[in-house]
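> Spelled out from the first residue to the last, the chains are:
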Amino acid sequence: DAKTTQPPSMDCAEGRAANLPCNHSTISGNEYVYWYRQIHSQGPQYIIHGLKNNETNEMASLIITEDRKSSTLILPHATLRDTAVYYCIVRGAGNMLTFGGGTRLMVKP
Amino acid sequence: KAGVTQTPRYLIKTRGQQVTLSCSPISGHRSVSWYQQTPGQGLQFLFEYFSETQRNKGNFPGRFSGRQFSNSRSEMNVSTLELGDSALYLCASSLPSGASTDTQYFGPGTRLTVL
Chain V
1 DAKTTQPPSM DCAEGRAANL PCNHSTISGN EYVYWYRQIH SQGPQYIIHG LKNNETNEMA
61 SLIITEDRKS STLILPHATL RDTAVYYCIV RGAGNMLTFG GGTRLMVKP
Chain W
1 KAGVTQTPRY LIKTRGQQVT LSCSPISGHR SVSWYQQTPG QGLQFLFEYF SETQRNKGNF
61 PGRFSGRQFS NSRSEMNVST LELGDSALYL CASSLPSGAS TDTQYFGPGT RLTVL
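Protein sequences appear in the order of chains V and W. Under our numbering, the first sequence has 3 at position 3, and the numbering climbs by one with no breaks. Under our numbering, the second sequence has 46 at position 46, and the numbering climbs by one with no breaks.
There's no promise every hint is true.
[As the list claims (entries may be wrong)] Label pairs and their computed distance ranges (CB to CB): (1) Gln45(V) x Ser22(W): 17 to 23 Å; (2) Gln18(W) x Ile74(V): 42 to 48 Å; (3) Thr113(W) x Gln45(V): 22 to 28 Å; (4) Lys108(V) x Ser79(W): 43 to 49 Å.
Worth flagging that the hints you see were computed from the coordinates, not collected in a lab. For every residue, glycine included, the Cβ atom is placed at its ideal position computed from N, Cα and C.
The whole structure should be built from the sequences, with the hints applied where relevant.
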């Protein structure tokens, strides 16, 4: 599976949009981009995934660039409960997820 | 639908002992994967089971083993515990195809402390 690069930490003001970037320049055509988050010492929580089109669900939006080499997870109105480590994962076939260091998002009042 | 459940949630053992952790997947999910999370190494894949067979395995020593039962519940065992085995052990379940679109859902984890 392709490797991802994320900033180690980011801050966001409560109520504002949080935009979390991810680079995956070696992604293959059949690999999906998945986002999970982990709130302190809990199991990772699935957020969203996509292949090439932008995706939106009740939690977030995923914007994937046309060349698929990078993506952005958008939390439209961040709350304090969104403070977590966010992991961007590029996944091919199979159930072995490769986690990187993730981005520690701190939402501040 | 109930989520992935893991028992026990917390465990304290001493070096040299062995430990068994349990995972019950989401109803209808037949693939179960295990991960280890430590501050130094992050989240690492241990192994995956489907239809009572190990389908994938990460780079861990043979002291780490697992099994899956016919009802898809899974257990993992660590023998001859070492201090470095102290970690959060996470279980994730998914539909069995292994396709890129089969989302894995994680349980709350078992926190193992080895003294």
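> All the hints need checking, so say for each whether the structure fits it.
Hints, one by one, checked against the model:
no.: 1; hint: Gln45(V) x Ser22(W): 17 to 23 Å; result: holds (21 Å)
no.: 2; hint: Gln18(W) x Ile74(V): 42 to 48 Å; result: holds (46 Å)
no.: 3; hint: Thr113(W) x Gln45(V): 22 to 28 Å; result: holds (24 Å)
no.: 4; hint: Lys108(V) x Ser79(W): 43 to 49 Å; result: holds (45 Å)
When each numbered hint is compared with the structure, no violation occurs for any of them.
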